[in-house]
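Participant: Chains as they are written, first to last, in the numbering used here: chain F, 1 to 275; chain V, 1 to 186.
Check before you lean on any hint, since a few could be wrong.
Calculated pairs, DSS-like style, for lysine-lysine (alpha carbon to alpha carbon, straight line, at most 25 Å) [what the hints assert, rightly or not]:
(1) V:Lys174 / V:Lys184
(2) F:Lys123 / V:Lys145
(3) F:Lys196 / V:Lys174
(4) V:Lys110 / V:Lys174
(5) F:Lys199 / V:Lys110
(6) V:Lys174 / F:Lys199
(7) V:Lys110 / V:Lys178
Computed far set for chain V versus chain F, every beta-carbon distance over 10 Å [as the list claims (entries may be wrong)]:
(8) Ser101
(9) Gly105
(10) Ile113
(11) Leu151
For the record, the hints were derived by calculation from the structure and aren't laboratory data. None of the values given here were measured: they were computed from a predicted structure. From the three backbone atoms N, C-alpha and C, an ideal C-beta is built for every residue, glycine too.
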Amino acid sequence: MRARMLTFTGQNSPVHRLTGAAKLIVFILWSVSAMITYDTRCLLAMLLLSLVVFRMSRVKFSDYAFVLYVILLFFMLNQIAIFVFSPLEGTRIYGSRHDLVHLVGRYTVTAEQLFYQLNVALKYAVVIPLAILFLLTTDPGEFAASLNRIGVNYKIAYAVSLALRYIPDIQRDYEQISFSAQARGIDLSRREKLPKRVKNMISILTPLILSSIERIERISAAMELRGFGAGRRRTWFRSRPFAFADWLAVGCVCAIAAASAVITFYDGSRFYSIF
Amino acid sequence: MARRNGLSIITVVAIGIGSALFVILGRFGSIPSGIPNTSIETTYALLALFSLLYGPVAGLLIGLIGHTLKDAIFYGSPWFSWVISSGLVGLIIGLASSRISIADGHFGRKEIITFNVAQVAANAIAWFAVAPLLDILIYAEPADKVFTQGLVAGAANMVTVGVIGTLLAAAFGKTRTKQGSLRKLN
Numbered sequence: 001m002r003a004r005m006l007t008f009t010g011q012n013s014p015v016h017r018l019t020g021a022a023k024l025i026v027f028i029l030w031s032v033s034a035m036i037t038y039d040t041r042c043l044l045a046m047l048l049l050s051l052v053v054f055r056m057s058r059v060k061f062s063d064y065a066f067v068l069y070v071i072l073l074f075f076m077l078n079q080i081a082i083f084v085f086s087p088l089e090g091t092r093i094y095g096s097r098h099d100l101v102h103l104v105g106r107y108t109v110t111a112e113q114l115f116y117q118l119n120v121a122l123k124y125a126v127v128i129p130l131a132i133l134f135l136l137t138t139d140p141g142e143f144a145a146s147l148n149r150i151g152v153n154y155k156i157a158y159a160v161s162l163a164l165r166y167i168p169d170i171q172r173d174y175e176q177i178s179f180s181a182q183a184r185g186i187d188l189s190r191r192e193k194l195p196k197r198v199k200n201m202i203s204i205l206t207p208l209i210l211s212s213i214e215r216i217e218r219i220s221a222a223m224e225l226r227g228f229g230a231g232r233r234r235t236w237f238r239s240r241p242f243a244f245a246d247w248l249a250v251g252c253v254c255a256i257a258a259a260s261a262v263i264t265f266y267d268g269s270r271f272y273s274i275f
Numbered sequence: 001m002a003r004r005n006g007l008s009i010i011t012v013v014a015i016g017i018g019s020a021l022f023v024i025l026g027r028f029g030s031i032p033s034g035i036p037n038t039s040i041e042t043t044y045a046l047l048a049l050f051s052l053l054y055g056p057v058a059g060l061l062i063g064l065i066g067h068t069l070k071d072a073i074f075y076g077s078p079w080f081s082w083v084i085s086s087g088l089v090g091l092i093i094g095l096a097s098s099r100i101s102i103a104d105g106h107f108g109r110k111e112i113i114t115f116n117v118a119q120v121a122a123n124a125i126a127w128f129a130v131a132p133l134l135d136i137l138i139y140a141e142p143a144d145k146v147f148t149q150g151l152v153a154g155a156a157n158m159v160t161v162g163v164i165g166t167l168l169a170a171a172f173g174k175t176r177t178k179q180g181s182l183r184k185l186n
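Model the full assembly from the supplied sequences, consistent with the hints where possible.
Facilitator: Rendered as structure tokens:
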């Protein structure tokens, strides 16, 4: 039952030492760039760079190994689904057709399709190292301060920090409720038939959600008593000023984002073609 | 207490706890339906209920924050087109069901119908139109694939929210004291 999740590792590396706000800006700009571009050269360069940064962070393989399997599975399913639904998508995008192998019916493997699916794969691969790194190297306590720093309303930033704070508690509640339900013979596993399983699920959800609603009332009463939201701004205990390394990281990612946008749209098309 | 700038405290807390619940239920609370790649995501029943209870802003932000955190913590990388669609579901359900005053214990037949019309509309807009269009726009995926995925996910979510969401709302309504329920004894 105990699921692994990506959590802060608290090591000491150049990546860990960056402030949360700098890492957040880097991550956002990086993801947006990766979303926009379909230029293989940019994607390859970004992938290489992200792996270098990943290496620099010295995070342990065991800290993120479990997500890699999930990601790989999802990757494969997605790639297969793309081919099944649209085997000639690449031909449509690149406007040419080089058949390699004919399978059955409308399914022909074309060089364009392989190239297109390679690009799709690269687009995910480019974001994943930095996303994992962001989660492993950012202290959740500092995260809310970073959100506020980049311009998110502090109440929303505080809501995010509440969410991070209460995920472990709610997971524990969920486990306790579901164990006690199982002890009373309420089976949630695949041995039950679907309608019964849904019904059993509801008997866990009801106490979990009703107790959470009570918890919301309790926490908001406590915050009200402490005058939360009275000021227009608030300060953060975990907030740190930008150091040289932070400016450097933000500067680099801005340059990369700009370069990638220029290279991608230089020839007027979002797709880079080798055909 | 006087209304101050922006969100009320209870909304802020509801967004926080709601997002945490979204994360946990998104990870543990999904039941495979037997149809490949389709599961009953109980987390959308939660999202619908919280949008109903705490309003459209809470719904929008629980969808956005909860879905981003869930994808990030358990799957390594957020899938932004679906994150935005989750937010939209919360927003629309919150807007459309703002006349239901469930906190006063009113959740009868009329409210159930309103709630379900709202959730079907929200799921249809988000999963049949917005999610696939964003998939095409952001990730340039094949149209057939994303519309099929959206259709399946949307239909599954409608059924999930319709059954589980309605039952949860009714259960919550019963815990509240009905407004005007005091009767005069002789």
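Participant: Please go over all the hints and tell whether each is borne out by the structure.
Facilitator: Hint-by-hint comparison with the structure:
1. V:Lys174 / V:Lys184: At roughly 21 Å apart (the allowed maximum being 25 Å), Lys184 of chain V and Lys174 of chain V satisfy the hint.
2. F:Lys123 / V:Lys145: Holds, because 18 Å separates the two Cα atoms, which is no more than 25 Å.
3. F:Lys196 / V:Lys174: holds (23 Å)
4. V:Lys110 / V:Lys174: Holds, at roughly 16 Å.
5. F:Lys199 / V:Lys110: holds (24 Å)
6. V:Lys174 / F:Lys199: holds (18 Å)
7. V:Lys110 / V:Lys178: holds (16 Å)
8. Ser101: holds (16 Å)
9. Gly105: At about 14 Å from chain F, Gly105 of chain V clears the 10 Å cut-off, so the statement holds.
10. Ile113: Nearest chain F Cβ is 21 Å from Ile113 of chain V, so the label holds.
11. Leu151: Nearest chain F Cβ is 12 Å from Leu151 of chain V, so the label holds.
Against the hints set out earlier in the document, no violation occurs for any number.
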